[in-house]
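K.L.:
Quick one: dock chain against chain with the hints and give me the complex.
For the protein sequence lines, the chains are A and B, in the order given.
To get the working numbering, take the position in the first sequence, counting from 1, and add 164.
To get the working numbering, take the position in the second sequence, counting from 1, and add 1.
These are calculated hints, taken from the structure and not from any lab test.
Computed far set for chain B versus chain A, every beta-carbon distance over 10 Å: (1) V30; (2) S82; (3) D88.
In silico DSS-like cross-links for lysine-lysine, where the CA-CA straight-line distance does not exceed 25 Å: (4) K232(A) x K270(A); (5) K8(B) x K265(A); (6) K66(B) x K265(A).
The C-beta atom is built at its ideal place from N, Cα and C for all residues, glycine as well.
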Amino acid sequence: DQQVKQNSPSLSVQEGRISILNCDYTNSMFDYFLWYKKYPAEGPTFLISISSIKDKNEDGRFTVFLNKSAKHLSLHIVPSQPGDSAVYFCAASASGGSNYKLTFGKGTLLTVNP
Amino acid sequence: SAVISQKPSRDICQRGTSLTIQCQVDSQVTMMFWYRQQPGQSLTLIATANQGSEATYESGFVIDKFPISRPNLTFSTLTVSNMSPEDSSIYLCSVVGISIYEQYFGPGTRLTVT
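Same shape as in the complex, but just chain B (with noise of 0.2 Å):
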């Protein structure tokens, strides 16, 4: 399976400001998706970055929020934008395995918003 990594692994933002999270494969992939998991919740997909094109954002998630790059078949970027203390989650990238159902992830990045 693919390396994924992740920056930042952690952060801690003032609220109203904004945080931009990179996640890196060592391989080319064609999906890579970033989720959201929120103290004691599941993992809520956000978006599927598409390379080359918008992201494809899931009910509940806006662009101005959550702008996401993703330039290239290896790198994404995913923005926090504007943030309050809601926002203090763990945030994941993914990417699609071999089997286009089954997906690794990051080791995510813990955002705690002051």
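Chain A extracted, bound-state conformation (with noise of 0.2 Å):
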């Protein structure tokens, strides 16, 4: 069973407009979600996090909002550039176990259209 969801496999944006990419989760022990961008060939770059005890957080053109009771996260990035084309991962993490580690989504392709 996926405890971390990303329904959408890929999404197609526009330069300049926002991309949404959304994020739902089914263990409710929880409590740090993270995103980490994938580029072909290369490694997930660590991109944004947010704890549980916050609904957003902002990091330059990358926002994070997280909807506890609906156990569901978003990442918003605006504007959107072509070099944010990539796989967007979202991945989840119970802090109150002993080894810290990360369940991730599937992923979602964005394509930024020029």
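P.N.:
Following this line, the structure appears as structure tokens:
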């Protein structure tokens, strides 16, 4: 069973517009959430994270929103740039665990068109 | 964040053989992990590489198939033993960052088993 779900395998947006990537989780023990970006032939790159004590975290063009009651988080990229084209992975962790394991979604391929 | 390198970057191996993947970090890190990403799937944690003791394996992964060494705080190896085509995946090592809930990944090793 998938504990972290990214239901959209792909998303295409125009340069300059907003990109919204969504992620849902089922495990109530998850309390720390991360987004990673992955280019082909490279490892995932950490982008932004959010703790469950917050509902929003912003870093430049990237903002992550967390809705705990809905077990849903989203990553907003504004404005989108062609260099943002990559696969984006949502990941979750239960801080009470002893091994700091990350559970990943399957990823969403974002394409930003010039 | 730490600079992480992996060797080899890719390999094509025959069924029944074994491959050892190396992960080198440019600074001492407390926690190192090995993940697998099968085609079209999410990243899945194989094990936590413990310095000076046996690795901690996740459900579905066993030491006989994926022996791991961690001789010091900057280096680890993962061996994929007695390979079958189902082992064709990208194998990634990661390390914990300043925040223990954030992990940083190496570039990955793309393994194809024929």
